[in-house]
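Undergrad: Sequence:
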Amino acid sequence: MWQFVKYTLATIVGMFLFLLVSIFLVAGIGSAMSSSDSEYELKENSILKLDLNRPMAENASNEDNPFSDFPNPFFSSTEKIGLIQIISALERARVDDKIKGVYLDVSFPIAGYAQLSEIRDALEKFKKSGKFVYAYSNSYSEKAYYLASVSNQLYLNPAGLLDFNGISVQYMFYKKAFDKLEIEPLVFRVGTYKSAVEPFIREDMSPESKEQSLSFIRSINRVIFNKISQSKGISVPRLDRIADSLQAMNPNKAEKLGMLKLSYWDQFESLLKKAVKIGDKEKLIMVKLSDYLHAKNPIPEVEGTKKIAILVAEGEIVGTRGGEGSIGSDDFVKELRKLRDNSSVKAIVLRIDSPGGSSLASDIMWREILLAKKVKPVIASMSNYAASGGYYMAMGADAIVAQPTTITGSIGIFAQWLNLDNFFKNKLGITQDHVNTHEHSHFLNSAGKLSDFEKSIIQNMVNEGYESFTSKAAAGRKMSLEKLKSIAGGRVWTGEQAKKIGLVDELGGLDKAIELAAQKSKLKAGEYKVAVYPKAKSFFDSLLESATSSDAMEMRWAKSNLPWAKSVFELDRLKKREGFLTILPYMMELE
Numbered sequence: 001m002w003q004f005v006k007y008t009l010a011t012i013v014g015m016f017l018f019l020l021v022s023i024f025l026v027a028g029i030g031s032a033m034s035s036s037d038s039e040y041e042l043k044e045n046s047i048l049k050l051d052l053n054r055p056m057a058e059n060a061s062n063e064d065n066p067f068s069d070f071p072n073p074f075f076s077s078t079e080k081i082g083l084i085q086i087i088s089a090l091e092r093a094r095v096d097d098k099i100k101g102v103y104l105d106v107s108f109p110i111a112g113y114a115q116l117s118e119i120r121d122a123l124e125k126f127k128k129s130g131k132f133v134y135a136y137s138n139s140y141s142e143k144a145y146y147l148a149s150v151s152n153q154l155y156l157n158p159a160g161l162l163d164f165n166g167i168s169v170q171y172m173f174y175k176k177a178f179d180k181l182e183i184e185p186l187v188f189r190v191g192t193y194k195s196a197v198e199p200f201i202r203e204d205m206s207p208e209s210k211e212q213s214l215s216f217i218r219s220i221n222r223v224i225f226n227k228i229s230q231s232k233g234i235s236v237p238r239l240d241r242i243a244d245s246l247q248a249m250n251p252n253k254a255e256k257l258g259m260l261k262l263s264y265w266d267q268f269e270s271l272l273k274k275a276v277k278i279g280d281k282e283k284l285i286m287v288k289l290s291d292y293l294h295a296k297n298p299i300p301e302v303e304g305t306k307k308i309a310i311l312v313a314e315g316e317i318v319g320t321r322g323g324e325g326s327i328g329s330d331d332f333v334k335e336l337r338k339l340r341d342n343s344s345v346k347a348i349v350l351r352i353d354s355p356g357g358s359s360l361a362s363d364i365m366w367r368e369i370l371l372a373k374k375v376k377p378v379i380a381s382m383s384n385y386a387a388s389g390g391y392y393m394a395m396g397a398d399a400i401v402a403q404p405t406t407i408t409g410s411i412g413i414f415a416q417w418l419n420l421d422n423f424f425k426n427k428l429g430i431t432q433d434h435v436n437t438h439e440h441s442h443f444l445n446s447a448g449k450l451s452d453f454e455k456s457i458i459q460n461m462v463n464e465g466y467e468s469f470t471s472k473a474a475a476g477r478k479m480s481l482e483k484l485k486s487i488a489g490g491r492v493w494t495g496e497q498a499k500k501i502g503l504v505d506e507l508g509g510l511d512k513a514i515e516l517a518a519q520k521s522k523l524k525a526g527e528y529k530v531a532v533y534p535k536a537k538s539f540f541d542s543l544l545e546s547a548t549s550s551d552a553m554e555m556r557w558a559k560s561n562l563p564w565a566k567s568v569f570e571l572d573r574l575k576k577r578e579g580f581l582t583i584l585p586y587m588m589e590l591e
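Every letter in the sequence shown is one number past the one before it in UniProt numbering, and letter 208, counting from 1, is 208.
Any given hint might turn out to be false.
[As the list claims (entries may be wrong)] Calculated cross-link-like contacts (lysine-lysine; reagent style DSSO-like; alpha-carbon spacing at most 27 Å):
(1) Lys425 <-> Lys376
(2) Lys374 <-> Lys478
(3) Lys455 <-> Lys485
(4) Lys338 <-> Lys128
(5) Lys307 <-> Lys522
(6) Lys128 <-> Lys232
(7) Lys520 <-> Lys334
(8) Lys127 <-> Lys524
(9) Lys232 <-> Lys307
(10) Lys449 <-> Lys180
(11) Lys520 <-> Lys535
(12) Lys535 <-> Lys49
(13) Lys483 <-> Lys472
(14) Lys98 <-> Lys288
(15) Lys512 <-> Lys127
(16) Lys373 <-> Lys520
(17) Lys512 <-> Lys131
(18) Lys524 <-> Lys128
(19) Lys472 <-> Lys376
(20) Lys98 <-> Lys43
(21) Lys127 <-> Lys98
(22) Lys307 <-> Lys125
(23) Lys131 <-> Lys273
(24) Lys277 <-> Lys374
(25) Lys373 <-> Lys535
(26) Lys128 <-> Lys529
(27) Lys227 <-> Lys131
(28) Lys296 <-> Lys277
(29) Lys524 <-> Lys338
(30) Lys232 <-> Lys512
No lab work stands behind these hints, which were simulated from the structure alone.
None of the values given here were measured: they were computed from a predicted structure.
With the sequences and hints as input, model every part of the structure.
TA: Shown next as structure tokens:
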């Protein structure tokens, strides 16, 4: 029944797709044919401009999107920026004589604190070369200021705004909406803190959810305030008072407090010219990230074939087949087996940025990780999230490295279904009927009601899944099951907290994980290359993928032109979360 509704809407919008897809494909082919891989010619006294006001992915293409400024309802017009590419560029620029410094353009980075910490650490290393890092913006979000505070000089437009008031996290609850729509959520869970089901059965956070949420945001806030304190020379207690009183929101007060300096763009531009020692009438040479990565690499290429492979697993774990921004077990296993069987790959670093998802897919990937580490070292490197199913993957590795601000743990499992009988009947006027060969032939039909016996079957399966998860986690972490369960129960921890309780081995970023992988595979510096898998898709490849899978285009078109369809697609997103899941309590955005 649900598929009928979904595909009816798909049919409505499908007729509009063919012509537009054809136009974009022709344009994309023309763009691809006209572009070349020619080397970018870098000039003396160049400044590397890092524009970080875009969605950040772990690994992204170096190519620019030719349609980035072309408004359309089918294709995303916002290109992503790759964390791995940023770190690589900063490492190159650090030893590049033609790069004199970095201009940090960051107002509202769409990234997590762990990713920003990686960039911040790379900028700290860059500064040690004696080169400058200057930041300028018309406004700074909390995340932007955290990153920009690492710079030698931090400037704000005098009419701008600094958002500095501490970290908060907000969750959305659907219970009242479900009540109005006559949708009955059927939920099953293990673990006091496994609160992923709360949005469907509560109107607010449970005491346990509030406890863990407050604990991890305080941990993250402590880390970022400590780093800001070290960079700006302002004590943490004073930063706390500034945040509580909202003093920094006034640009003049923020300057007097020593948090930044005020400057208009033309004044900042003059400062940059002085920094690179050129005249006021000369033009600054700003090099964007994509161009710089096509310039000649100043770091000599390592001879030989030995590699440490970085295997990126990013997004929600959705099942066997993933897509952009999601992880599929089949796709992951295919890549992992290639790396396991490749004799030139001496160690594997799993770069995980995932809140979890499908319990089955998580277990499949965990098993393959165990098999891979029998052949060569496997190190897990946690980004923003490596929680629940994300932690399931990491716990199979030889060692786990996390940022202090990483969100991890959430060792637990739950299941959910939506009973849509009354929604279809009373709200849409759609009814259904069925015949069975056996008493429970209709079991797990997610549009229908479950009997008490059927509910007990699911709860038992969830219980068994939790025992399996915790047993495997205890074995992976080499701790007793009793101790593991005392820190499990679905509870979320930061990387800093996880290190203290034994869920993580080391604190650090991707470079720390690579260093550990080299040690375990007995490779010395200069003996190995670092290669990233899977390869980032070019814009044209992404365009072709969009053309062969119209779901995303249908959603964008419907949301833009059919207001009522937005709720239908949101319900479809919730429906896709049915089944046995290991996922974070909420899809959270820390601000």
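Undergrad: Would you mind marking each hint as holding or not holding in the structure?
TA: Verification of the hints:
Among the hinted pairs, Lys425 with Lys376 is inconsistent with the structure: their alpha-carbon atoms are about 57 Å apart, more than 27 Å. Distance hint between Lys374 and Lys478 is fulfilled; the C-alpha atoms sit about 17 Å from each other, no more than 27 Å. As the CA atoms of Lys455 and Lys485 are separated by approximately 24 Å, the hinted pair is consistent with the 27 Å bound. The hinted pair formed by Lys338 and Lys128 fails the criterion: a straight-line CA distance of about 38 Å is larger than 27 Å.
Proposed proximity of Lys307 and Lys522 is supported: the alpha carbons are some 12 Å apart, at most 27 Å. Of the pairs offered as hints, the one joining Lys128 and Lys232 holds, with about 17 Å between alpha carbons and a cut-off of 27 Å not exceeded. Taken as a hint, the Lys520 and Lys334 pair is honoured in the structure, with Cα atoms around 24 Å apart against an allowance of 27 Å. With a C-alpha separation of about 25 Å, the suggested pairing of Lys127 with Lys524 holds against the 27 Å cut-off.
Using a Cα cut-off of 27 Å, the hinted pair Lys232 and Lys307 is violated, with the two alpha carbons roughly 39 Å apart. Proximity of Lys449 to Lys180 is assessed by CA-CA distance (about 18 Å); at most 27 Å being required, the pair is judged to hold. For the proposed pair Lys520 and Lys535, the alpha carbon gap of about 25 Å is at most 27 Å, so the pair holds. Of the pairs offered as hints, the one joining Lys535 and Lys49 holds, with about 24 Å between alpha carbons and a cut-off of 27 Å not exceeded.
At roughly 13 Å between alpha-carbon atoms, Lys483 and Lys472 fall within 27 Å of each other, so this suggested pair holds. Between Lys98 and Lys288 the CA atoms are separated by roughly 14 Å; this keeps the pair inside 27 Å, and the hint holds. Distance restraint check for Lys512 and Lys127: the Cα-Cα separation of roughly 19 Å lies within the 27 Å cut-off, and the hinted pair is therefore satisfied. For a cut-off of 27 Å, the pair hint linking Lys373 to Lys520 stands: about 11 Å separates their Cα positions.
In summary, the hint linking Lys512 to Lys131 is supported, as the alpha carbons are separated by about 23 Å, within the 27 Å threshold. For the hint pairing Lys524 with Lys128, the CA-to-CA distance comes to about 23 Å; that is within 27 Å, so the pair holds. For the hint linking Lys472 to Lys376, the alpha-carbon distance of about 20 Å falls within 27 Å, and the restraint holds. Simply put, Lys98 and Lys43 have alpha-carbon atoms about 6 Å apart, close enough for the 27 Å limit, and the pair holds.
Restraint check for Lys127 and Lys98: the C-alpha separation of about 15 Å stays at or below 27 Å, so the hint holds. With a C-alpha separation of about 24 Å, the suggested pair Lys307 and Lys125 falls inside the 27 Å cut-off, and the hint holds. Between Lys131 and Lys273 the CA atoms are separated by roughly 14 Å; this keeps the pair inside 27 Å, and the hint holds. Annotation: proposed proximity of Lys277 to Lys374 is violated, straight-line Cα distance about 55 Å (limit 27 Å).
With a C-alpha separation of about 22 Å, the suggested pair Lys373 and Lys535 falls inside the 27 Å cut-off, and the hint holds. For the hint pairing Lys128 with Lys529, the CA-to-CA distance comes to about 24 Å; that is within 27 Å, so the pair holds. About 20 Å separates the Cα atoms of Lys227 and Lys131, which keeps this hinted pair within 27 Å; it holds. Of the supplied pair hints, the one linking Lys296 and Lys277 holds, its CA atoms being roughly 24 Å apart against a limit of 27 Å.
A threshold of 27 Å between alpha carbons decides the hint, and for Lys524 with Lys338 the separation of about 24 Å falls inside it, so the pair holds. Between Lys232 and Lys512, the direct Cα distance comes to roughly 26 Å. Compliance with the 27 Å bound is thereby established for this hinted pair.
In summary, the structure is inconsistent with hints 1, 4, 9, 24 from the numbered list given earlier, while agreeing with the others.
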